[in-house]
Every structure is written in C-alpha cells, then in structure tokens.
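J.: Sequence:
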Amino acid sequence: MTRAVKGKDWRERISINPNICHGKPCIKGTRIWVSLIVDNLASGSSEDEILEAYPSLTREDIKVALAYAAEMARERYVDIPMKQTS
Numbered sequence: 001m002t003r004a005v006k007g008k009d010w011r012e013r014i015s016i017n018p019n020i021c022h023g024k025p026c027i028k029g030t031r032i033w034v035s036l037i038v039d040n041l042a043s044g045s046s047e048d049e050i051l052e053a054y055p056s057l058t059r060e061d062i063k064v065a066l067a068y069a070a071e072m073a074r075e076r077y078v079d080i081p082m083k084q085t086s
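Under my numbering, the residue at position 3 of the sequence shown is numbered 3, and the numbers go up by one with no gaps.
The hints are simulated quantities; they were obtained by calculation from the structure and are not laboratory data. Just so you know, these numbers come straight off a predicted model, no measurement behind them. Be a bit skeptical, because a hint or two may be false.
Unchecked claim - Label-pair restraints from in silico Cβ distances:
1. Gln84 with Trp33: 31 to 39 Å
2. Glu49 with Gly29: 18 to 26 Å
3. Arg31 with Met82: 38 to 46 Å
4. Glu75 with Pro18: 16 to 24 Å
5. Asn17 with Ser43: 20 to 28 Å
6. Pro55 with Met82: 41 to 49 Å
Here a beta-carbon is modelled for each residue, glycine too, at the ideal position from N, C-alpha and C.
Using the sequences and the accompanying hints, generate a full structural model.
T.: Here it is in structure tokens:
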C-alpha cells in the first residue's frame, strides 16, 4: 500500500537510480538522500532548519521522505531483542 501526501504518491518525488548517490533513495532532482532528511528529523532538527540547510527542498519533500520511511518500516522489521525484567 502506498500512502499519498497531499494527494501525491511519494513515488512522484523520490527516485532510486543506481548511477545517482549509489542507488540510495533521493528527492527527485537533488542528491539529497531520504535517509538524510529522516536522520535530521530524528535528531531533533525542525523542518525550517532542514529547509534552511538544504534550500532546494520543499516542505512537501520532507513529508514524502517521512511517507517513504513509513512505507519501508511497514515492509521491513528489524529484530529488537526483548529485555528480560525480573
């Protein structure tokens, strides 16, 4: 299932090309990795800070990066060991 952001499919804004950025998912027309955007958000950067650091991005680009990350999380699970409590 692909989720839309403001009526757009994230596939319209994200590209994966083996000849660009080692095949990592990027915002189309840029060399900005989706993971870079998500990492910045996870580290506490605001959308405004990201947009200032990467002026070629738009707010919609940030939202589609999150939509893409959510889609990947639904399809891939990383095993996290459960901590035993006594």
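J.: Now look at each hint and say whether the structure bears it out.
T.: Now the hints, each set against the structure:
In this structure the hint that Gln84 and Trp33 lie 31 to 39 Å apart at CB holds, the actual value being about 37 Å. Taking 18 to 26 Å as the suggested C-beta distance range, the pair Glu49 and Gly29 conforms, at roughly 21 Å. Separated by about 39 Å at the C-beta atoms, Arg31 and Met82 satisfy the suggested range of 38 to 46 Å. Between Glu75 and Pro18 the Cβ separation comes to about 20 Å, which falls inside the hinted range of 16 to 24 Å.
In this structure, Asn17 and Ser43 meet the distance hint of 20 to 28 Å, their C-beta atoms being roughly 27 Å apart. Taken as a hint, the range 41 to 49 Å holds for the pair Pro55 and Met82, whose Cβ atoms sit roughly 44 Å apart.
Every hint, counting from the list given before, is met by this structure.
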